[in-house]
Amino acid sequence: MKKMIAAVMSICVLLTGCTDQIKLKNLLFVDIMGLDYVDQDKDKTLQFSFVTSSLNDAYQGGGKPANQYHEQTGKNIYEAVIRSNKEMPGILSVLETRLYIISSSIAKDDPLSHLHIASQFQSNPLYAYLAVYDGDLSKLLSKPKIKDNTVSNYLFELLEDEIERGRIPSNKLLNYILGGDQFMNDFILNRFEPYKDEVRLGGTALFSNGKYTGYNLSNEDTLLALLMNGEPGKLQFIFGKSQGLDYSIHVQDTKQAIHIQHSGNNLSEIALSLRMKVRLVDDGKMLEMHTKQELDEKQQIIAEHLTARAEKIVEILQQANCDYFQLGQQVAAYHPNLYQSLNWREQYPSLTVKPTVKVAIINSGNLE
Amino acid sequence: MKKEEQITGRQLLTMAIMAQLGIEVLSLPHQLAENAGRDTWLSVLLSGLTAQVGIVLLWWLGSRYPTRPFYAYSSQIVGRPLGAFVNLAYGCYYAFSGFVVTALYCNTLKRWMFVITPDWMILMMLLLICGYAATSSLKRLAFISQSFMLFPVICFLLIAFSCLYGMETRNLLPVLSEGWTPVMKGIYFAFSAYVGYDLLLYAFPYVKGGKRKVLGIMSLANTCTMLFYIVVSLICTTMFGQKQLLLIPEPIVFILKNYKVEMLQSLDILFLIFYVCIVSATIYVYFYLSAKSFQNLSKKGVGKQSVWVWVIVALCLLGSFFIDEQHDLTQTSSFQDKLSILFVVGLPLLLLIISGIRGTGRRSA
Chain A
0 MKKMIAAVMS
10 ICVLLTGCTD
20 QIKLKNLLFV
30 DIMGLDYVDQ
40 DKDKTLQFSF
50 VTSSLNDAYQ
60 GGGKPANQYH
70 EQTGKNIYEA
80 VIRSNKEMPG
90 ILSVLETRLY
100 IISSSIAKDD
110 PLSHLHIASQ
120 FQSNPLYAYL
130 AVYDGDLSKL
140 LSKPKIKDNT
150 VSNYLFELLE
160 DEIERGRIPS
170 NKLLNYILGG
180 DQFMNDFILN
190 RFEPYKDEVR
200 LGGTALFSNG
210 KYTGYNLSNE
220 DTLLALLMNG
230 EPGKLQFIFG
240 KSQGLDYSIH
250 VQDTKQAIHI
260 QHSGNNLSEI
270 ALSLRMKVRL
280 VDDGKMLEMH
290 TKQELDEKQQ
300 IIAEHLTARA
310 EKIVEILQQA
320 NCDYFQLGQQ
330 VAAYHPNLYQ
340 SLNWREQYPS
350 LTVKPTVKVA
360 IINSGNLE
Chain B
0 MKKEEQITGR
10 QLLTMAIMAQ
20 LGIEVLSLPH
30 QLAENAGRDT
40 WLSVLLSGLT
50 AQVGIVLLWW
60 LGSRYPTRPF
70 YAYSSQIVGR
80 PLGAFVNLAY
90 GCYYAFSGFV
100 VTALYCNTLK
110 RWMFVITPDW
120 MILMMLLLIC
130 GYAATSSLKR
140 LAFISQSFML
150 FPVICFLLIA
160 FSCLYGMETR
170 NLLPVLSEGW
180 TPVMKGIYFA
190 FSAYVGYDLL
200 LYAFPYVKGG
210 KRKVLGIMSL
220 ANTCTMLFYI
230 VVSLICTTMF
240 GQKQLLLIPE
250 PIVFILKNYK
260 VEMLQSLDIL
270 FLIFYVCIVS
280 ATIYVYFYLS
290 AKSFQNLSKK
300 GVGKQSVWVW
310 VIVALCLLGS
320 FFIDEQHDLT
330 QTSSFQDKLS
340 ILFVVGLPLL
350 LLIISGIRGT
360 GRRSA
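In order, the protein sequence lines correspond to chains A and B. For what it's worth, numbering that gives the first Met the number 0 labels the leading residue of the first sequence as 0, then goes sequentially. For what it's worth, numbering that gives the first Met the number 0 labels the leading residue of the second sequence as 0, then goes sequentially.
Please note that a few of the clues may not be correct.
Result set (DSS-like, lysine-lysine): computed pairs, CA atoms no more than 30 Å apart in a straight line [as the list claims (entries may be wrong)]: (1) B/Lys303 with A/Lys22; (2) A/Lys210 with B/Lys138; (3) A/Lys24 with B/Lys259; (4) A/Lys357 with A/Lys254; (5) B/Lys256 with A/Lys22; (6) B/Lys242 with A/Lys107; (7) A/Lys254 with A/Lys291; (8) A/Lys24 with A/Lys138; (9) A/Lys233 with B/Lys256; (10) A/Lys74 with B/Lys109; (11) B/Lys259 with A/Lys146; (12) A/Lys195 with A/Lys254; (13) B/Lys259 with A/Lys254; (14) B/Lys259 with B/Lys242; (15) A/Lys2 with B/Lys2; (16) B/Lys109 with A/Lys24; (17) B/Lys242 with A/Lys2; (18) B/Lys256 with A/Lys171; (19) B/Lys138 with B/Lys299; (20) B/Lys2 with A/Lys43; (21) A/Lys24 with A/Lys195; (22) A/Lys74 with B/Lys256; (23) B/Lys184 with B/Lys242; (24) A/Lys22 with B/Lys259; (25) A/Lys171 with B/Lys259; (26) A/Lys171 with B/Lys2; (27) A/Lys63 with A/Lys144.
Bear in mind the hints are in silico, worked out from the structure with no lab data behind them.
Next comes chain B alone, as it looks inside the complex:
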């Protein structure tokens, strides 16, 4: 296996933000309206704080093995055969997550823009581009993410300034009218939007600077993502009624239709196209992590990274033929949300506990 080059703290920051910001930005207020109602922003805030706890958890695990990535030390914690199984499971999870994000974004494009274009064609284009990027090194991926960083900033400004068209702040009141139960339900749904910070599992040993710096950068990335989501939730809740939010799957697209620019036909369509930069950053990180985990199935390394990536891309393309209806996609996405909690919170916590009990890590570090 090739030795990974180190990345700077700033590069980790952009990669983490881009990996966290996925397709959820478009649909989060709609998904949460059903559960958290007008307290959507509160659920988003609390799930951001939950994600912060998750970051500390991954950082704690990583800091026990500061010179090796997760896939290299998983065998040390649970033994070789089980470690290989853990890596295999993570590989499948990341490949599946990449596929779900790709399918969701293509579905959005298909509904809003490319009604006649065959699904597989849009999907293939996106998969090829992301697959090609995923064959690169971590440092190169970080460079690409840095180049794309301008787009989330533009998207954020577009969404934030849409409040100039009128907000009804009373839509947010009364706070907690239904108690904490809906908000707690909302936390579960909102948490999936923060997934992506698990990049830390792999990137931890390759970041220049000390352990504390890594934690600080990841916390900053999570705070930026949290801010983005909270602003999106507040804008959508104040600009739409609850009934509307339940019916409109992508409220952000509807909000952007409000902009009147003489030289542009539809800013919302342009937004959706540019959003490919953010979505693809999430997808190629997933494919990259998946390929890396498959490569680490044995100590010597199994296969080449690029071969694994293209196999994953081919399987994703094949899988897309089996998901045809909106309902299937929704169910797959919901399943992926559950898997995320298992792989991003459950398994790392379990491994941390085992590592603590067995006392592995610290001595070898």
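One chain only, chain A, in its complex shape:
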């Protein structure tokens, strides 16, 4: 009898969730969500672009991925979803959303306030990527295919591949909404830009206090900034030309450090150092052996060149008042009294921040 009761109870518990069931065939999985203004000049009504993904002809095995595009206006995502559900059959679900794209006009105008609501979704992947698009968002997302790929797959894989290789930052939504885990919501956000009739990654957009500043970093500068901010070496490819040396290196290993120099409550300098162990892949001398002296000279030239580029990056970041390297947090964490005496937001652009890049060539790739 006891076993019977136990079995009935177990079944009851297992069936409890059935009230909440939603049939899979009725769901429209939003793969990418785009966010833009309908007309920024007239009013600030939001326009949401939903790219849903489905698998056609799946009965034969495999199936063909396809996107459906739908756009809707509303005060927030919830309102837009509710309106959409009245205009098309099926239930829009953000259960599998992989990417949120905001337009540059939204990005400049407190975008995070529109995205906080994503945390209210019951089963929303808050670790979906966030990116900005410098173009007509609805035009991009309504494309049926790009290079024989669905738009959603194309954009997502473009991001994911580069993130895995450590070339661009991994901007996940939850890092920025609800107050953000960044010290002052200063970050660099991956930026898509129109390219010919398609789209490509065009570096990163600089955000200060959660808003797009209009300043950007190129793809090359983004990589160097990323390495300076603690990204480990994943054989990222860096190339350049300086003092007649046309070089290409693979970053094998990195080490970063921040040194704050101050006397009392006077912050004199912040030194940002990046040490890299690299493989010299190409220096225009592939068929000849390198001597130790030659390598020393070359690593000196490369280090000087990269230091100059790092200085330029810091200059842009300071112009944009974007504390991407979280120097404010560093000061607040290790020198709290000093931090309290500063007005970080106002003083950051004029601080002396000195980056240095040191390079050690550990080998010359597969040859030699």
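Please build the complex by placing chain B on the supplied structure of chain A, with the hints as guidance.
What follows is chain B alone, placed relative to chain A:
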């Protein structure tokens, strides 16, 4: 009353850990962020040490009466009518605590998973299962706890390995930036997470081995719980900003969303479901202790254990209809935290002092 079978030291260890680990794991960093800020881990550590002092206190009291459980010797310390009142109060406290834990967990399930399912249905299922378990003997409960022990281990590993997704250790600095006051406030809130070790009040005479072994096992259980909570606090503080922690009621659920497993839709949802094993272990221990204390209202024993348990379950189900809003639940939970300090620290300390003054216990031991 049935004679209780003895349990082994290992069984006491698992029971104590499971009783201590309750629903608090999910919300502790959020609750403490408001008070202790980035020094949450320090509050958790210090409250763990406070709980250790509490364990020594209960052990001291129990070791004065090593052959009888608390409910049997309470009358000897304060006299029969007052002793019965003490047992009645403990019975009500444990029933209320079981109810609060059940309601809190159901509320979490309701918000994250079963939005449409009626509250009473989820609550009833959990109450029935826990009630059924609570009608068993201490040894059987220990067996169930041992079987469930794998789940806290899995939960711990899932939480601990989430740090691979990136931690900002600077979030922990500077330590004690606001002084000791916030940390001391945090100790009060964190202490409720350690409650459950009071199982020792009842289980003391039924553990195989000497008195010292009991103290050692309980200390080990408390250390494991402390480690669990400290890791949870450190992970949450380093993975979320302070503003985020103030807004996110269950940061652990948010952290688990980070895991990408090809074969699983949402690890966080699975975690919440499996967490029922840990929560139910806490609930059935509370119901069991409650029924035992009601049974000990008189020396000969009042009623059957199973009848008391089902009465408690029915009252809890009835009570759930009166707690509808989140605010009510928060207030009830806060009231239970206060009661915990009274029943787990205050009253045992008072009884120990009275026992010491009156010199009861040692002679009869």
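Practice problem: Assess, step by step, whether the Cα of A/Lys171 is no farther than 30 Å from the Cα of B/Lys2, and give holds or violated. | Solution: violated (58 Å)
Quiz item: Are the Cα atoms of A/Lys24 and A/Lys195 separated by 30 Å or less?
Solution: Violated, at roughly 37 Å.
Quiz prompt | Restraint check for A/Lys74 with B/Lys109, where alpha carbons must lie at most 30 Å apart | solution = The hint holds at about 27 Å.
Quiz item: Holds or violated: B/Lys138 with B/Lys299, Cα cutoff 30 Å?
Solution: Holds: B/Lys138 and B/Lys299 sit about 22 Å apart, inside 30 Å.
Self-check item: Restraint status (C-alpha distance of A/Lys171 to B/Lys259 at most 30 Å)
Solution: Status holds; Cα separation ~13 Å.
Quiz prompt | Given pair status - A/Lys171, B/Lys256, alpha carbons within 30 Å | solution = holds (12 Å)
Self-check item: Distance restraint between B/Lys242 and A/Lys107, which requires alpha-carbon spacing of 30 Å or less
Solution: Holds, because 22 Å separates the two Cα atoms, which is no more than 30 Å.
Self-check item: 30 Å limit on alpha-carbon distance, applied to hinted pair A/Lys210 and B/Lys138
Solution: With Cα atoms ~61 Å apart, A/Lys210 and B/Lys138 exceed 30 Å; violated.
Quiz item: Is it true that the CA of A/Lys74 sits at most 30 Å from the CA of B/Lys256?
Solution: holds (27 Å)
Quiz item: Is it true that the CA of A/Lys254 sits at most 30 Å from the CA of A/Lys291?
Solution: Roughly 23 Å between the alpha carbons, so the hint for A/Lys254 and A/Lys291 holds.
Practice problem: Given the hint that B/Lys184 pairs with B/Lys242, test it: the Cα-Cα distance must not exceed 30 Å. | Solution: holds (19 Å)
Quiz item: Is it true that the CA of A/Lys357 sits at most 30 Å from the CA of A/Lys254?
Solution: Holds. A/Lys357 to A/Lys254 sits at ~10 Å (cutoff 30 Å).
Of the numbered hints listed earlier, those contradicted by the structure are 1, 2, 12, 17, 20, 21, 26.
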